[in-house]
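Visitor: Okay, here's what each chain looks like letter by letter:
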Amino acid sequence: MAKITAPSTRQSIWQRINIPHILMYGVLILYALVSVFPFLFMLGTSLMTTGESTSRTSLIPYIPGIHENGYKLDTQSDITPCILYARDTFANDDGDLVTKNRFIVDIPQKALEIQQYSNYSRPIIESREEYFRLPFLTNYCAAWQLGKLGKFMWNSIRITIISVTGTVIFATLAAYAFARMKFAGKDLLFAILLSTLMIPGIVQTLPNVILVTRIGEIFGSNGWFAQHMGFSFCASKNCWINNWPALTIPFMAPAISIFLLRQHFQSIPEELWDAARIDGAGHLRFLIQVVLPISKSALFVILLFAFIGAWNELAWPLLVTAGSETWRPIAVGLQAFFSEEGRIPELQMAGSMIAILPVLILYAITQRTFIEGLSQSGLKG
Amino acid sequence: MTTQTVIGRETAVKPVPGGFFSGHRGRLLRENLTAYLFLAPALSIIFTFGIFPILFAGYVSLYKWRIKQNEWRGLTNYINAMGDIAYVVFFIIALALAAIGIVAAIKAGKKARAKSLPVYAPLLSIIPGAVITYGLVQILLRAITFFAWESAIEAGEAARLGNVGLGLLAILIGVALSLGAQQAQQTLAAADGPRILPNFTVAAVTVLISLGAAFLLSRFAYNELQASERYGLAVVRIRYLSGALLILAVGYAIWQWASKQQSNLKLALGIVSATVFIAGGVWLATIWPVVSMDSDADFYQSLSVTIWYSLGTVPVQLAVSMILAYMLFQNIKAKGLFRVVFFIPYIAPAVATAGIFQAMFSLRDASLGNRLLGALGGESVRWLQEPDTAIAALGQTFGIDSLANVTLGPSLALAVVILYNIWVYVGYDTVIFLAGLGNIPFTLYEAGKIDGANRWQLFRHITLPLLSPTTYFLSVISVIGTFKAFNHIYVLRTPAAQGTIDAASVHFFVTFQRAARFGYATSMAIMLFIIILILYLVQNRIAARSVHYG
Numbered sequence: 001m002a003k004i005t006a007p008s009t010r011q012s013i014w015q016r017i018n019i020p021h022i023l024m025y026g027v028l029i030l031y032a033l034v035s036v037f038p039f040l041f042m043l044g045t046s047l048m049t050t051g052e053s054t055s056r057t058s059l060i061p062y063i064p065g066i067h068e069n070g071y072k073l074d075t076q077s078d079i080t081p082c083i084l085y086a087r088d089t090f091a092n093d094d095g096d097l098v099t100k101n102r103f104i105v106d107i108p109q110k111a112l113e114i115q116q117y118s119n120y121s122r123p124i125i126e127s128r129e130e131y132f133r134l135p136f137l138t139n140y141c142a143a144w145q146l147g148k149l150g151k152f153m154w155n156s157i158r159i160t161i162i163s164v165t166g167t168v169i170f171a172t173l174a175a176y177a178f179a180r181m182k183f184a185g186k187d188l189l190f191a192i193l194l195s196t197l198m199i200p201g202i203v204q205t206l207p208n209v210i211l212v213t214r215i216g217e218i219f220g221s222n223g224w225f226a227q228h229m230g231f232s233f234c235a236s237k238n239c240w241i242n243n244w245p246a247l248t249i250p251f252m253a254p255a256i257s258i259f260l261l262r263q264h265f266q267s268i269p270e271e272l273w274d275a276a277r278i279d280g281a282g283h284l285r286f287l288i289q290v291v292l293p294i295s296k297s298a299l300f301v302i303l304l305f306a307f308i309g310a311w312n313e314l315a316w317p318l319l320v321t322a323g324s325e326t327w328r329p330i331a332v333g334l335q336a337f338f339s340e341e342g343r344i345p346e347l348q349m350a351g352s353m354i355a356i357l358p359v360l361i362l363y364a365i366t367q368r369t370f371i372e373g374l375s376q377s378g379l380k381g
Numbered sequence: 001m002t003t004q005t006v007i008g009r010e011t012a013v014k015p016v017p018g019g020f021f022s023g024h025r026g027r028l029l030r031e032n033l034t035a036y037l038f039l040a041p042a043l044s045i046i047f048t049f050g051i052f053p054i055l056f057a058g059y060v061s062l063y064k065w066r067i068k069q070n071e072w073r074g075l076t077n078y079i080n081a082m083g084d085i086a087y088v089v090f091f092i093i094a095l096a097l098a099a100i101g102i103v104a105a106i107k108a109g110k111k112a113r114a115k116s117l118p119v120y121a122p123l124l125s126i127i128p129g130a131v132i133t134y135g136l137v138q139i140l141l142r143a144i145t146f147f148a149w150e151s152a153i154e155a156g157e158a159a160r161l162g163n164v165g166l167g168l169l170a171i172l173i174g175v176a177l178s179l180g181a182q183q184a185q186q187t188l189a190a191a192d193g194p195r196i197l198p199n200f201t202v203a204a205v206t207v208l209i210s211l212g213a214a215f216l217l218s219r220f221a222y223n224e225l226q227a228s229e230r231y232g233l234a235v236v237r238i239r240y241l242s243g244a245l246l247i248l249a250v251g252y253a254i255w256q257w258a259s260k261q262q263s264n265l266k267l268a269l270g271i272v273s274a275t276v277f278i279a280g281g282v283w284l285a286t287i288w289p290v291v292s293m294d295s296d297a298d299f300y301q302s303l304s305v306t307i308w309y310s311l312g313t314v315p316v317q318l319a320v321s322m323i324l325a326y327m328l329f330q331n332i333k334a335k336g337l338f339r340v341v342f343f344i345p346y347i348a349p350a351v352a353t354a355g356i357f358q359a360m361f362s363l364r365d366a367s368l369g370n371r372l373l374g375a376l377g378g379e380s381v382r383w384l385q386e387p388d389t390a391i392a393a394l395g396q397t398f399g400i401d402s403l404a405n406v407t408l409g410p411s412l413a414l415a416v417v418i419l420y421n422i423w424v425y426v427g428y429d430t431v432i433f434l435a436g437l438g439n440i441p442f443t444l445y446e447a448g449k450i451d452g453a454n455r456w457q458l459f460r461h462i463t464l465p466l467l468s469p470t471t472y473f474l475s476v477i478s479v480i481g482t483f484k485a486f487n488h489i490y491v492l493r494t495p496a497a498q499g500t501i502d503a504a505s506v507h508f509f510v511t512f513q514r515a516a517r518f519g520y521a522t523s524m525a526i527m528l529f530i531i532i533l534i535l536y537l538v539q540n541r542i543a544a545r546s547v548h549y550g
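Protein sequence lines, in the order shown, are assigned to chains A and B. Under our numbering, the first residue of the first sequence carries the number 1, and numbering increases by one thereafter. Under our numbering, the first residue of the second sequence carries the number 1, and numbering increases by one thereafter.
Any given hint might turn out to be false.
[What the hints assert, rightly or not] So the derived list for chain B, only partly shown, Cβ under 10 Å to chain A, looks like this:
| # | residue |
| --- | --- |
| 1 | H24 |
| 2 | G26 |
| 3 | L62 |
| 4 | G74 |
| 5 | L75 |
| 6 | T76 |
| 7 | F343 |
| 8 | I356 |
| 9 | Y490 |
| 10 | A504 |
| 11 | I532 |
| 12 | I534 |
[What the hints assert, rightly or not] Simulated coverage check for chain A against chain B, where a stretch passes if three residues somewhere in it have a Cβ under 8 Å from a Cβ of chain B:
| # | region |
| --- | --- |
| 13 | 30-41 |
| 14 | 200-209 |
| 15 | 325-339 |
[Unchecked claim] Simulated crosslink set (DSSO-like; lysine-lysine; CA at most 27 Å straight-line):
| # | chain 1 | residue 1 | chain 2 | residue 2 |
| --- | --- | --- | --- | --- |
| 16 | A | K151 | A | K100 |
| 17 | A | K182 | A | K100 |
| 18 | A | K296 | A | K186 |
| 19 | B | K449 | B | K335 |
| 20 | A | K148 | A | K186 |
| 21 | B | K333 | B | K107 |
| 22 | B | K107 | A | K186 |
| 23 | B | K260 | B | K333 |
| 24 | A | K186 | B | K111 |
| 25 | B | K64 | B | K484 |
| 26 | A | K151 | A | K237 |
| 27 | A | K186 | B | K115 |
| 28 | B | K64 | A | K237 |
| 29 | A | K237 | B | K68 |
If you're looking for bench data, these hints aren't it; they were derived computationally from the structure. Think of the CB as a built atom: it goes at the ideal place given N, C-alpha and C, for glycine as much as any other residue.
Modelling step: build the complete structure from the supplied sequences, incorporating the hints.
Guide: Written out as structure tokens, the structure is:
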């Protein structure tokens with residue numbers, strides 16, 4: 001019996017081991033490594049000290065107890081805690097001494113001396129009682145503090161929220177009209193809409209700066225609007241530049257979102273509309289009560305576009321937030337941080353990590369929607 | 001529910017008599033009004049910030065505009081950027097505009113004949129057409145000068161202001177006149193002809209606008225040439241350049257003609273056209289340094305950087321991603337996981353990932369790129385700060401002196417940018433290719449297998465041709481993407497690289513922001529727009545021949 005079964009199993013093993021298949025796995029795994037390698041490099045470098053990142057020959061940072069020879073760290077000064085929860089006594093803005101429990105993101109004094117951070121002054125603390133500390137994150141704290149990344153991130157989120165709100169309202173209405181209504185000039189308008197996708201952004205960006213500046217002046221504190229209506233929308237001379245309208249309003253009707261929503265709305269069966277009309281609903285009621293609840297996935301893709309746009313866009317915010325940081329988004333902040341901090345690799349990598357992390361987390365949660373949504377757009381400049 | 005139904009039925013049975021929105025016509029009107037109400041916000045944003053800027057860019061580019069509007073410069077910005085080549089380009093554009101107008105006129109004539117009208121009947125529509133065109137120009141001028149600087153208007157530097165009221169009035173009169181013209185045309189119609197006549201007003205407006213634009217452009221260009229300081233030289237250059245272009249055009253015409261002939265003649269003519277092409281190309285290459293003198297070298301450098309950038313990224317990117325997608329499409333485990341991993345570089349913020357590449361390819365001896373070179377036995381190079389060509393720089397570190405003087409090809413700095421671009425976009429292209437592969441019917445592969453085709457033959461004769469729409473789409477997206485490329489280049493650029501990685505968009509941006517030369521930067525952006533338009537048309541034409549749909 002055994003003599004008969006043996007060759008058959010051997011054959012099946014040979015059938016299973018498929019040389020081209022192994023080769024394919026090899027290539028695919030190799031490219032997967034290529035894809036993630038720069039991120040690993042970033043992670044490794046972001047945990048190093050300046051000495052390590054510029055002269056160390058390994059990609060893995062010094063870990064006490066593992067790396068005993070080679071580059072020797074001064075564990076007292078190099079790896080200093082920077083996030084802690086402590087009971088601090090310090091002088092507040094009015095000069096009074098206060099005692100408070102608080103989370104602190106702080107750059108260690110030693111790191112400040114070594115790296116000569118330019119525009120950062122350490123807050124003075126009278127006394128400190130530590131509850132716990134997070135070591136190894138010196139660079140992250142430095143990048144967070146020096147690059148003001150938290151502020152810029154919050155700005156990007158605010159911009160996303162405003163532009164998504166606008167986009168959902170305007171794009172939904174327009175997409176619905178294109179999908180469900182009959183009106184004169186529909187095909188022409190739709191063709192114009194699609195043709196805007198082909199226009200290179202820079203042709204619009206440059207003149208738009210002038211347009212937005214002028215529009216902002218009209219609504220500004222001593223502009224046309226204030227002179228004729230007696231009140232103005234903002235205290236400054238220009239209401240749009242360095243402010244949220246310039247960053248969001250021009251992006252509230254993205255052609256690609258309108259196009260995708262229209263495709264989605266067209267796939268909704270005609271019977272639903274008939275039923276709604278018999279029940280006495282008009283277009284707006286039908287749109288709000290029937291269409292929107294069943295279009296959540298499409299709306300999520302639009303939200304994703306707005307988020308990626310707000311997180312990635314560099315050229316336009318560079319032009320319209322040049323004068324103030326109040327609304328400067330993360331991409332501009334990070335770029336400025338890169339060029340200001342003299343290209344210190346580990347700080348740069350920590351900054352990149354901070355900017356990438358939220359996107360990576362969102363991607364990990366919703367990768368399927370992310371991939372399908374973004375591959376429909378060819379977005380990203 | 002039920003009460004609503006009853007109410008709905010009642011109104012349906014008893015429409016309000018005489019109401020403005022009742023009856024078939026009223027319902028149509030209401031539907032139109034609602035639709036435009038729905039569209040109004042989105043359309044106003046798209047027109048204001050998407051389409052109008054292009055017209056406005058045209059206006060800005062005619063001025064010296066440094067933050068504030070200064071004096072009128074006509075086409076000087078364009079000529080400063082392109083050199084005397086600009087005159088030839090203007091002539092070609094004017095010719096194209098005139099061709100559009102003439103084609104529209106001929107079409108109108110044909111349409112008239114099809115409706116048994118005399119061919120000259122549409123000429124009558126010129127009158128309302130002219131009035132409407134006048135109105136449109138008035139409104140457009142007002143819209144454009146609305147954004148001009150007040151001080152410039154006061155100083156008389158801004159071009160003529162339009163008048164919206166006058167424009168609207170003209171359009172109203174024009175529409176009324178067009179109805180009259182339609183009536184008049186009806187009397188010209190043959191008695192047995194069809195009752196409903198076409199309206200030729202739109203055609204007339206098209207003809208007037210395109211011919212007018214062609215006329216204005218050629219007049220501007222001619223005046224500019226007359227006033228030029230190097231008039232004689234310019235004329236000689238124009239003559240040379242148009243000669244070269246003419247030769248190329250003749251070569252193309254012969255080739256077109258050849259493709260319609262029988263096989264033997266086709267071959268002979270093909271050889272002839274190839275010869276003509278090569279001759280024209282060689283001539284163009286020899287005269288180019290002369291004709292492009294007196295131009296902005298940075299402008300041409302930014303274009304050539306863009307071209308090298310395209311050539312370096314698009315083919316490699318498409319080939320790699322096609323191979324990966326083809327592999328993923330086989331029976332592979334963890335397909336989804338691979339897809340997710342490949343896509344990570346694409347979703348990560350460009351500024352941050354460009355920062356990673358900046359650190360990996362810095363000029364330090366310990367940077368990753370230099371350590372890699374060291375492992376291969378070369379010396380350190382300056383990577384992103386190296387303006388020399390990649391071949392020369394890499395040849396030098398490996399001690400191949402014969403390569404040290406190569407000046408053709410992208411700079412080493414640009415090579416890093418190309419590498420970055422490939423790394424980012426392969427994942428995206430792979431996902432699109434995977435979708436394309438999924439659309440190929442499986443039965444075709446079965447049929448191929450029955451016919452005894454091997455794996456390569458299946459790929460070559462089924463996958464590749466049926467994937468060509470996807471390949472075409474991706475190549476269009478990628479080429480346009482290289483023209484748009486901004487974020488990563490802006491992060492990776494260093495003064496030491498001497499602008500060798502400043503692709504078109506970045507160069508224009510820097511001219512605009514750092515040098516504050518608004519007029520000049522927009523004129524360059526418009527030239528880029530025209531180049532992309534031409535590229536798009538050419539790509540479309542090529543695709544019409546070689547892309548297999550279905």
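Visitor: A separate judgement is required for each hint: does it hold in the structure or not?
Guide: Status of the hints after comparison with the structure:
1. H24: 13 Å, violated
2. G26: Hint on B:G26: violated, closest Cβ of chain A at ~14 Å, above 10 Å.
3. L62: Since chain A brings no Cβ nearer than about 12 Å to B:L62, farther than 10 Å, the hint is violated.
4. G74: 18 Å, violated
5. L75: Where the cut-off is 10 Å and the nearest Cβ of chain A is about 17 Å from B:L75, the hint is violated.
6. T76: Since chain A brings no Cβ nearer than about 18 Å to B:T76, farther than 10 Å, the hint is violated.
7. F343: 5 Å, holds
8. I356: 5 Å, holds
9. Y490: 6 Å, holds
10. A504: Constraint on B:A504 satisfied, holds at 7 Å.
11. I532: 6 Å, holds
12. I534: Hint on B:I534: violated, closest Cβ of chain A at ~12 Å, above 10 Å.
13. 30-41: holds (count 8)
14. 200-209: Since 10 is at least three, the answer is holds.
15. 325-339: Since 5 is at least three, the answer is holds.
16. A:K151 with A:K100: The given pair, whose Cα atoms are some 23 Å apart, holds under the 27 Å limit.
17. A:K182 with A:K100: 65 Å, violated
18. A:K296 with A:K186: 26 Å, holds
19. B:K449 with B:K335: 24 Å, holds
20. A:K148 with A:K186: The hint is violated at about 47 Å.
21. B:K333 with B:K107: 59 Å, violated
22. B:K107 with A:K186: Roughly 23 Å between the alpha carbons, so the hint for B:K107 and A:K186 holds.
23. B:K260 with B:K333: 50 Å, violated
24. A:K186 with B:K111: 23 Å, holds
25. B:K64 with B:K484: This hinted pair holds, its Cα atoms lying about 25 Å apart.
26. A:K151 with A:K237: OK: A:K151 and A:K237 at ~24 Å, within 27 Å.
27. A:K186 with B:K115: 26 Å, holds
28. B:K64 with A:K237: Roughly 25 Å separates the two Cα atoms, so the pair holds.
29. A:K237 with B:K68: 16 Å, holds
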